[in-house]
Amino acid sequence: MPLGFEVLRLDRVGKRYPMGDVIVDALVDASFTLSEGEAVAILGPSGSGKSTLMHLLGFLDSPSSGEIFFENRPVASLNESQRARVRAEKIGFVFQAFNLLPRLSVRANVALPLAYHGSPPDDAEDRVDRALDLVGMTNRAHHKPGELSGGQRQRVAIARALVNEPRILLADEPTGNLDTKTAAAILDLFKELNRLGRTIVVVTHSPEIAAHFRRQLHVRDGLVTEGGFA
Amino acid sequence: MRRLFSGVVNGFAEIWGHKLRSLLTISCVMLGVASMVLTTGFMEGFFKGWEVSLQEQGGIEKISTTAQGVKERQAPLAAVSPGLTRADARAIAALVPQAAVVSPEIEATRPRLVRGGKSFEGRRGARVLGVTNAILEINRYEVASGRAFSDLDLHDDAEVIIIGSKIRDRLFALGEEPLGAFIDFNDRPFRVIGLLQHYERLWGTYNTLDWKNEIAFVPVTTMATKVQRSDRLSYLNFKAADITRLRETVDAASNVLAQQHRGIIDFNVRTNEEQLASFASTKASFVIGGSAIAGVSLLVSGIGIMNLMLASINERVREIGIRKAVGATPFNIFSQFVAEAVTLSLLGGAAGVAVAVALIKVLSATLPPGSTPLLSPSAFVVGFIFSVSAGVLAGIYPAIQAAKLDPIEALRYE
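Heads up: the protein sequence lines correspond to chains C and R, in order. For what it's worth, our numbering labels the leading residue of the first sequence as 1, then goes sequentially. For what it's worth, our numbering labels the leading residue of the second sequence as 1001, then goes sequentially.
No lab work stands behind these hints: they were computed from the structure. Careful, some of the hints might be misleading.
Some residues of chain C that are not near chain R, with every Cβ distance over 10 angstroms (derived) [as the list claims (entries may be wrong)]:
| # | residue |
| --- | --- |
| 1 | M19 |
| 2 | G47 |
| 3 | N72 |
| 4 | R87 |
| 5 | N139 |
Pair ranges (Cβ atoms, derived) [as the list claims (entries may be wrong)]:
| # | chain 1 | residue 1 | chain 2 | residue 2 | range |
| --- | --- | --- | --- | --- | --- |
| 6 | C | G20 | R | G1289 | 50 to 60 angstroms |
| 7 | C | S77 | R | A1284 | 52 to 62 angstroms |
| 8 | R | K1019 | C | R73 | 31 to 41 angstroms |
| 9 | R | E1044 | C | D126 | 48 to 58 angstroms |
| 10 | R | I1396 | C | R73 | 45 to 55 angstroms |
In this text the structure is predicted, and so the values were computed from the model without any measurement. Here a beta-carbon is modelled for each residue, glycine too, at the ideal position from N, C-alpha and C.
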């Protein structure tokens, strides 16, 4: 598949923070570009800095040095509310712990990002339906997350991440809490989404999972290296 | 609008999720609002009662003149003045066009009303006034049966009397016809020609208008010549023709009286305005007292709500992180929590108003009419404003705390 336009670009991005008396370099001079339609695995052992990288990619955190560009615009030029708005409209998050709101129904959980959309789309209801359909959870729409299995919850979380039709889908250990069989199904879902053109970044500590993705970025001790294209 | 709605829906879900805790907080607000609405209701009932009693005394257009001691520097000359007499009433009627109705009144010093062994006298007894028909208009009396005085009655110093309902009750047996009967007033027989209407406005079991029932009228001429044997007036009341020119009327009357009394100021011209002013200051202190109660209840409800919100935010750190991750701005989070606090306090407010209305209904049914609190629209407005402001004020601080949470920390929070 031909690669499209640049979505995210990191230019010598570093992140350091104090931990007790020492200053930890969680990320050092990371430079890479993510393009439209890519499927990328960020692979590294725990504590390697991959979660920090994930947070930076989703504007949940700001770099200590260097610059991040989203759609060619420097993220540093946006204030907190503007970054939240971009997150609501163009970035989808999937977490290891699913992070669904337990009191809301599946449907309401999926619809959540639409509430924070700058101009709520007219077809909001349709979008929720489409997202639920895409992950195969239409028949569970009125259940509460507590009534679902882990794999089903992650599907709901993915639907939530997709409901705004984001430019990029960021997944942090999405299969970490799932058994092997369910994990494989979720990975298949990601591959299917990518085949449909969605840009996907998956953070994982498992080389096996990373192997499912065309491009791999290795993170070790805060250093990011290109792991080559599969 | 849609966001506000979803905030309220969310608020309901949260309130439902913590039933007991929310119920306790709602009761705080409920008690506060209920006490507010009741206090307002009682105050309005009281003020209304006062207004009625002012009306029954002649309203604010009534101007009353009484005799009073002269100032020290005029004391040696005091005897020069003829005092307050019927001549003054005639002078005011003739010379003060701003005065509409003039009522000269002479009160019997020791009235004794006796009929067939039954008597009405003593300190807590009846008052008997020598009057003209003007008093009926000025002091708002209505002759319910019989008639008022005729010109002939006044001209002939007729021994006729108009009596209030309490005097009738005391001197006449049930079913006995008072009209045409004779009553001994200070040992002189007077024929009953009229009965006054019965006046009643209860404050508890006490009739605040009873003084209007314990009164009897005889012609002022009769009182002057046959009973008091003096032309001195106890009161000289008149009415301002134009209420907007009250001050002017008082001044004109004072001038005429000063002239009549040869410059001796042995009279005092008063208006109900002063009473109105003292009422206003009473009202102000009531309002201040009421506001203090309101303030304390507001504080208590506010503390309750804030406590609940802080506890709730502590439990929902992760939710806040999730919401921020999917794109909530700090302001979104802030408004969500304020909306929740307001929802909570509005529920409390609605419950409070309901409780107050129920209590007022019960009180109206059990207490005699007149002493019950009034249910006014302002009470609802007060209750509504009260609960919304309690919610907003108490919600702001916790909501700011929530909005400030770092999403990464919040997502890590277990």
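Indicate whether the distance between the beta carbons of S77 of chain C and A1284 of chain R respects the range 52 to 62 angstroms. holds, 57 angstroms
Is the distance from the Cβ of G20 of chain C to the Cβ of G1289 of chain R consistent with 50 to 60 angstroms? holds, 58 angstroms
I1396 of chain R versus R73 of chain C beta-carbon gap, inside 45 to 55 angstroms or not: violated, 34 angstroms
Please test the hint of 31 to 41 angstroms on the beta carbon pair from K1019 of chain R and R73 of chain C. violated, 47 angstroms
Should the hint that E1044 of chain R and D126 of chain C are 48 to 58 angstroms apart at their CB atoms be regarded as holding? Holds, at about 55 angstroms.
10 angstroms cut-off, C-beta based - N139 of chain C kept clear of every residue in chain R: holds, 23 angstroms
Checking the smallest CB distance to chain R, is M19 of chain C really beyond 10 angstroms? M19 of chain C is indeed farther than 10 angstroms from all Cβ atoms of chain R, at 14 angstroms.
May I ask you to check that R87 of chain C keeps its beta-carbon over 10 angstroms from the closest beta-carbon of chain R? violated, 4 angstroms
If I take the minimum Cβ distance from N72 of chain C to any residue of chain R, is it greater than 10 angstroms? holds, 21 angstroms
Confirm or reject: G47 of chain C is not an interface residue toward chain R, with every Cβ-Cβ distance exceeding 10 angstroms. holds, 14 angstroms
When held up to the earlier numbered hints, the structure conflicts with 4, 8, 10 and fits the remainder.
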